[in-house]
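J.: Given chain A's structure and the hints, the job is docking chains B and C onto it.
Residue-level listing of the chains:
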Amino acid sequence: MDRRKIVPLLSPAILLIVLLLVPVFISQPYVLHVLIVMGINITLATSLRFIATVGQFSLAHAGMVSIGAYSSALLVIKLGLSFWAALPLAGLTAMSIAFLVGSPFVRLKGIYFTMVTLFLTEFITLLVTEWRNLTGGVQGIISIPRPNAIVLPGLLNLTFASKVDFYYLALAMVGFTLISLYAIESSRIGIAFSSVRQSEALAESIGVNSAGFRILAFSLGCFFAGIAGAFYGHYFSAIAPGSFGFLLSINVFIYMVVGGLRRFAGPIIGAIILTLIPELARAFKEYEPFVFAAILLVVIFFLREGLISLPVLFRKRRAPR
Amino acid sequence: MIEQNILNGLMSGWIYILVALGLTLVLSIVGIVQLAHGEVYMIGAYTVYCFCVVLGLNFFLSLLISILLVGLLGVVLERFFLRPFRDDVEGAIVSTIALILILQTAVVGIAGVGYKEIPSPIQGVLTILGARLSWERLIAILASMVLVSALLIFIEKTRTGQAMIAVSENREAAALQGINVNRVSSVAMFMGCGLAAAAGALTGAIFDLTPFMGGFALMKGIGVIIVGGLGSIPGAIIAGLILGLVDGVVTALFSVQVASITGLIVIILILLFRPQGLFGHG
Amino acid sequence: MMKRLSLISLMVMLVCGLTLSICAKESSAAPPTAETKTLKIGVMSNLTGPISTAAIPHTRGTQVAVDWINSKGGITIKGQKYLIEPVIEDVKETVDTAITAVTKLVELHKVKFAVGLIGPTQILPVTSLTEQAKVIRSLWHGEGHPKELSADTPYTFRVSVIPRDFIVPLLKYQVKTYPEVKKISMLFIENPGAAPLFERTKKVAEALGLTVLGLYVYPVSTRDFYPLVTKVMASNPDAIITDGLPHLAGGTLKAARELGFKGPIINLAPTCPNVVLKIAGKPFADNFIVGAPDVYSPKMTPMIKTVRTMLLDKYKEVTWDYIRGFDPTWWMIQAIEKAQSLDPTDVAKTWEKMDRIEATTGIGKMGGQQSYGINHVGVIPFAITRMVNGELEHVGWFTPDIP
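Which chain is which? The protein sequence lines are A, B and C, in order.
Position one of the first sequence corresponds to residue 1 (the numbering used here), numbered consecutively onward.
Position one of the second sequence corresponds to residue 1 (the numbering used here), numbered consecutively onward.
Position one of the third sequence corresponds to residue 1 (the numbering used here), numbered consecutively onward.
For reference, chain A alone in the conformation it holds in the complex:
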């Protein structure tokens, strides 16, 4: 095979090996922690974009993370379930609530849909805060147990006592999310999403149930937000309603846009870079927001299509006129 065919095929394999070997070369727990947080953000940003492929911007992601986190924590603590059962159940809970709530909301278009998702997050936060007996109120839930250990004698010994194990779990979560979302988007469902986004009227005219696909996109996207929420709870071992508010929804939205809405990989890059920037800018202390804001402005003004469009820019410049 010629070189141009080998490199693209090799890259994913190299990528996977590099990612799997990271903990071998990096033992500093703080760095692993940042990578884990990055994993959560990637999951959230890509699932938010998934909802956007059908043409709707959701600010409900924080609320869904909250639902996932509380569901998983309560299932494990109050009902004694294993984390491995609670995790998918948390995703399903978020998905069900998204479906229930999304159905009446689906006739809202554009900014109205976004507004209602914003207030949905507020509502969930308020509900969680006030339902003290169930959720622990403002303090939230603490001492959420680690995921149950996976022991395969000779092969695996994941006790989740260290960040390394959580890193692999985060990697698995990101891998599962990316593969699932990419598969759906590449399928005929994805084509239907695209048609609904581009022109709902036209899509309807050829028999595409636009409302149905919009609810599907919203529910599935929120499923992954729920999964991320469950991971959050068992990794940080504490959740509080204040952690899942407007700020989180907006941050995930920004990761998506700054990374690039149009490409699948956009939110991944956005989440990576925008998780790193605040960490690298810690030296600025209380002026760190200036740095973050500067990055946002540079991207939104000069790279409107997002960071993912950088190589396209280079290619355009290099291409002969």
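Hints are computed from structural coordinates only; laboratory data are not their basis.
Hints may be right or wrong, so weigh each one.
[To be verified] Here chain B is said to cover these stretches of chain C; the calculated rule only asks that three of the stretch's residues, wherever they fall, bring their Cβ under 8 Å from a Cβ of chain B:
hint, segment
1, 221 to 235
2, 369 to 381
[Unchecked claim] In silico lysine-lysine, DSSO-like type, Cα no more than 27 Å apart, as pairs:
hint, chain 1, residue 1, chain 2, residue 2
3, B, Lys116, C, Lys282
4, A, Lys285, C, Lys112
5, C, Lys176, C, Lys203
Think of the CB as a built atom: it goes at the ideal place given N, C-alpha and C, for glycine as much as any other residue.
T.: Below, chains B and C alone, put in the same frame as chain A:
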């Protein structure tokens, strides 16, 4: 007690109206999701603090200066941070979030994080129909009413005001009629930010100032606009009073939390069953 | 899609490279000189977000404490001199950001001693990090949750700063000064500590012969107190008990007086009376009692006056929140010096036995064995300040009730 509750609600309501009016001007005429509107409100308060407390000028003079200066700031912000993202919702959100961070952090750097106070121009408490309110609250209500009336007169009686209505209804059609949309946007931004500054300063005189006081104003403003209808001034007034009364009366009857949930439910119900708002265009 | 993946893999490797480089940068600390070494103290502070209003003054108090200790030559442990170096990390607003910042302090900076943290929902989640790493933590704030300070937290210490510490002396003062007050209502911030605080205050109040009418809870974002105070006044209490931040206490006071409430208002939290006065405004600043000093009063202790001067020189303003940041750091340093060891376990064992520690408000000692199961609360004198007709009156120094 019920008179006190109703009066409390009306007081809150007029402040919400002021914030919402400024925001609705920006949203419907400039055409931008101006998430940094709360920060403009906050800067209005700090500007009055600067002129009134630090420099010792009269409160009302400081208020006027603040409205003008912050209005001008708004025009600059619109030109450079907002206009490029007209009709680009995602871009506007990112740009205005960046603005929020910049404005908040700048005020933290310049004025510090500590609580500041703007003393009321007239001290004392009044009793109206069996309910009590302080002078600064009464001034806030009256000033809001004056500003709202001025806005209504401007919209009805001036050509620019009428142009603003045209732009808010259909920007392309307005442009085709020869209206300079950019100029009208700037005027709307000036007025919207001026109103926000006034709301911030008046609220600052009642309560206190912190660099983070804007978030509350933004949420209330958006809520009022949703219930009243985007671009509708009567809508903002009625919705502001409704939401204000909910906050005043429901809190006293039940609790703050119940009032918050009630307010949210009203907003969500409107979005579900009448998304254009009570007075909005269809 | 493959090309995109190769782009991503390039970026991932770039990321790893970047993070490795932060790693490398941070680990190379300043080489110690032959004569003095540095002792790193982690400062977990909410530098951004609404909580920064309280946390930044505390951070400044900590900085001044460090400067002051260093100006006297630092500390000497077994003949080796150490200058204190504060390492400040922003915990921001949420549980996850707090854990990120503290992870950095504990794992990257490898601090063994830390002060800080105001965020009510952040204090507990951070506990497991610091306890597991055996990092001594001197708290700036507490919520009164049983897991915050207990026999299970041998490395966590706190000076007496939470409302719970002040209930008994404040209510006793109220009963003595206002014998006509018989019915009280409580108006607390919706914080994790509200319900237990109410229970505890109710018990003490009823033991003193008072009737408790009820508890009203409000979110920390509240600004307009008219609706809430109207509701509280409806049941006609003789006095209102509050807790918390200056703008909330000030807002409550102002609203109550404007609405015609004449009875005393007592704030259980050590909230700076100077700020409350400013926010409520002189006309309404009357009959307000709080367990914190008027920092400008001539009756302040020499140490408070010294710290006040240092803070004014450096930051041009001072409130009790600033000075409150001084003691947790100062105490920790005194404990380290007394233990003559940089090992946190040794320091913890020494600290919990200290019966004479200097604080800005006077001489204190460690207490709390009975109430918390561990002798880790610094029982330091506190001031009761009374607002009368727009002026502050320093009533005197009292001892918190921490058996």
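J.: Are the hints correct? Go through all of them and say.
T.: Evaluation of the provided hints:
Under a criterion of three residues with beta carbons nearer than 8 Å to beta carbons of chain B, the stated coverage of the segment 221 to 235 of chain C is upheld, 10 such residues being counted. Given as covered by chain B, the segment 369 to 381 of chain C fails the check, having 0 residues with a CB less than 8 Å from a CB of that chain where 3 are the minimum. Using a Cα cut-off of 27 Å, the hinted pair B:Lys116 and C:Lys282 holds, with the two alpha carbons roughly 14 Å apart. The hinted pair formed by A:Lys285 and C:Lys112 meets the criterion: a straight-line CA distance of about 21 Å does not exceed 27 Å.
A threshold of 27 Å between alpha carbons decides the hint, and for C:Lys176 with C:Lys203 the separation of about 18 Å falls inside it, so the pair holds.
Violated hint for the displayed structure: number 2, the only one.
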